[in-house]
Amino acid sequence: MTAGALSAADVFAPARAFNWLRADGDALLWTETRPAQARTVVVRWEPGAEPVDLTPPGRSSSNIVGYGGIPYGVAPDGEVLLCDSEDQRVHSVRRGVAVTPAAPGKSVRWSDFVVSGEHVYAVREQHHDDGRIANELVRVRLDGAGDPVVLDGGHDFVGSPRVSPDGARIAWITWDHPQMPWDGTQLWTADVTPGGIAPAALVAGSTGESVLEPTWAPDGELLFLSDRTGWWNVYQDGAAEPVVGMESDMGGPVWFLGLRSLDVFADGRLVVKWTIDGVEHLGVRHPDGRLDEIATPYTQFVSPTVVGDRIAVIAAGYRHAPAVVLLDPATGGTGEVVRDNGTVAPETVAVPEAITYPTTDGAVAHAFWYPPTVPVDGPPPLIVNCHGGPTGHVVPVLDLRQQYWTSRGYGYLELNFRGSSGYGRAYREALEGTWGVVDVDDAVAGAEYLVAKGLADGSRLVVRGLSGGGWLTLCAMAFRDVFAAGGSMNGVADAYKMATDTHKFESRYLDSLIGPLPEAKELYAERSPVTAAEHITAPLILLQGEADHVVPADQAEAIAVVLRERGVEHEHHVYAGEGHLFAKAENLVHALEAERDFYARVLAAAGSSAPEGGAR
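Numbering (the working numbering) for the sequence shown: 717 to 1332.
Be careful, since some hints might not be right.
Claimed, not checked - Cβ-Cβ distance ranges computed for the label pairs, FRET-style:
| # | residue 1 | residue 2 | range |
| --- | --- | --- | --- |
| 1 | H1002 | A731 | 25 to 33 Å |
| 2 | D793 | E1145 | 28 to 36 Å |
| 3 | A725 | I992 | 32 to 40 Å |
As the list claims (entries may be wrong) - Derived pair list, reagent style SDA-like, types lysine to any residue, alpha-carbon separation capped at 20 Å:
| # | residue 1 | residue 2 |
| --- | --- | --- |
| 4 | K1300 | P773 |
| 5 | K1169 | Y1073 |
| 6 | K1220 | G870 |
| 7 | K822 | P792 |
| 8 | K1169 | T1072 |
| 9 | K822 | E802 |
| 10 | K1237 | D1227 |
| 11 | K1220 | K1300 |
| 12 | K1220 | D846 |
| 13 | K1213 | G1295 |
| 14 | K1237 | A1263 |
| 15 | K822 | G794 |
What the hints contain is simulated information worked out from the structure, not anything from laboratory work.
Note that the Cβ used here is the ideal one computed from N, Cα and C, for glycine as well.
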């Protein structure tokens, strides 16, 4: 093994990953996903004390509404409500009782719930016996008495219920097929009544405007994000111009319910974040309009949350693994680290470089380049990593998954291909109707760009990705002849099957990415890697979760069958009990080691030398 190379066990040794940070007075709550335990736990921290688990031992706090969302809520008096992953019911930690009614199996699911007075407002996803799935805004009593009251059941999707500080008004967003929430949403408000809510009023949004994150200021003013100018900026209800406006995205796509990008101090100052060239920035907007950036070493800020005069955030940077930190906006710096994730950084860290490179149609694409951290004889082999979504993006932070490869002599290119978020609406929409074409163009162009600069060996190029990134990988392997090997993790192989056999949230996603059905059925076949699988000649490894309901396991199997019949070198690993995102540490380790050994073996035949494989 190369000296200093990380092992797969090193990569997944960190004890926890963080999400869903919220405040309760001076206390903080967040979730920790713990691969070694294969569960997610809600944690509470108070100043001067150690963090305490609120999720009972042996249980997990998560929900399965779409891709999921925030699985807990906090009442004004500190009572915490948790969603239990086994029964999907919402339970009171203090009283030890279920707040939501029982339902057979996991047919009723809850997410993004907030407490106001005697009630809990939540998104409910109900799976009916006839196959119909209803996503509704509902209200239940905090004591669990009575039946849930449906407040909005007239849309395909609802999200972000937020109650005003005085409890008198509620705001929420909706969207309908075929829109995805980054295409177009609508923001509504209504007065709260004893029986539910008064007739709703439309605040903002349309099929061509994405409005997100309704946020009530302490004085009762309603703030939200809108991309009506082509960038997600902060607006106030009733104002035509943004409160904070710039050519930068200040929010991100709603893959999960409950995302937070802004918060408000008691004195009216706003906490906002924005993205420039793929790097996130955090700042404070003052009532006079001044925006002060907080100077920190971090490049990502998740769930910024006001705590007194400070800002709590899940922060990460080039040399800083994700941690829960408290920042003083006046001084910045690394802040007070409340909880780190247990990462031990390697002695030498590959620091990413943001690159913008030319691609097809006279356009440009974006990526982050991580050079090898060990000496290499000549240009190194290159891994081109393609994020999922495809409406997502990568941020340059210390992630041992990249360092694993760079510590073995690989160069690593993290793509933010056209269609990625974080670069404005026009860049997102560049993938409309062209999925499987321009994203693949960008992967090829990125690899060729580095080869031309002498930074990568053109005979040892690898393309890999998860989910939508797996689709890009399979398309590149089937329709191009550039990459010496590929790795698909839960990748889409059959676009038509994906559109007709996936979960409700993504069931119309491909309308915009390829075209509406049934009119575009032939185009779906033309674009799908499974249709052209006989053209795959380079070695390919397929890693698949057996219980994946987003991209079912038969998609990878269809590719593997063709490769077996044609004698193409490949591996096909199916992991029992794993879904779309692997959760068990042993499976994560096995999958990474399988990839490493596979690439080492096949690249040895493609170049004069290859990174070592077998040693753990």
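Results for each hint:
1. H1002 with A731: 25 to 33 Å: violated (39 Å)
2. D793 with E1145: 28 to 36 Å: violated (45 Å)
3. A725 with I992: 32 to 40 Å: holds (36 Å)
4. K1300 with P773: Holds - the C-alpha atoms of P773 and K1300 are around 17 Å apart, at most 20 Å.
5. K1169 with Y1073: Cα-Cα ~12 Å, so holds.
6. K1220 with G870: Holds: K1220 and G870 sit about 16 Å apart, inside 20 Å.
7. K822 with P792: At roughly 29 Å apart (the allowed maximum being 20 Å), P792 and K822 break the hint.
8. K1169 with T1072: holds (13 Å)
9. K822 with E802: Measuring from Cα to Cα gives roughly 8 Å; hence the hint holds.
10. K1237 with D1227: Holds, at roughly 11 Å.
11. K1220 with K1300: Cα-Cα ~26 Å, so violated.
12. K1220 with D846: holds (14 Å)
13. K1213 with G1295: Within the cut-off at roughly 18 Å; holds.
14. K1237 with A1263: violated (27 Å)
15. K822 with G794: Given pair K822, G794 is violated - Cα atoms ~28 Å apart, limit 20 Å.
In this structure, the hints that do not hold are numbers 1, 2, 7, 11, 14, 15, in rising order.
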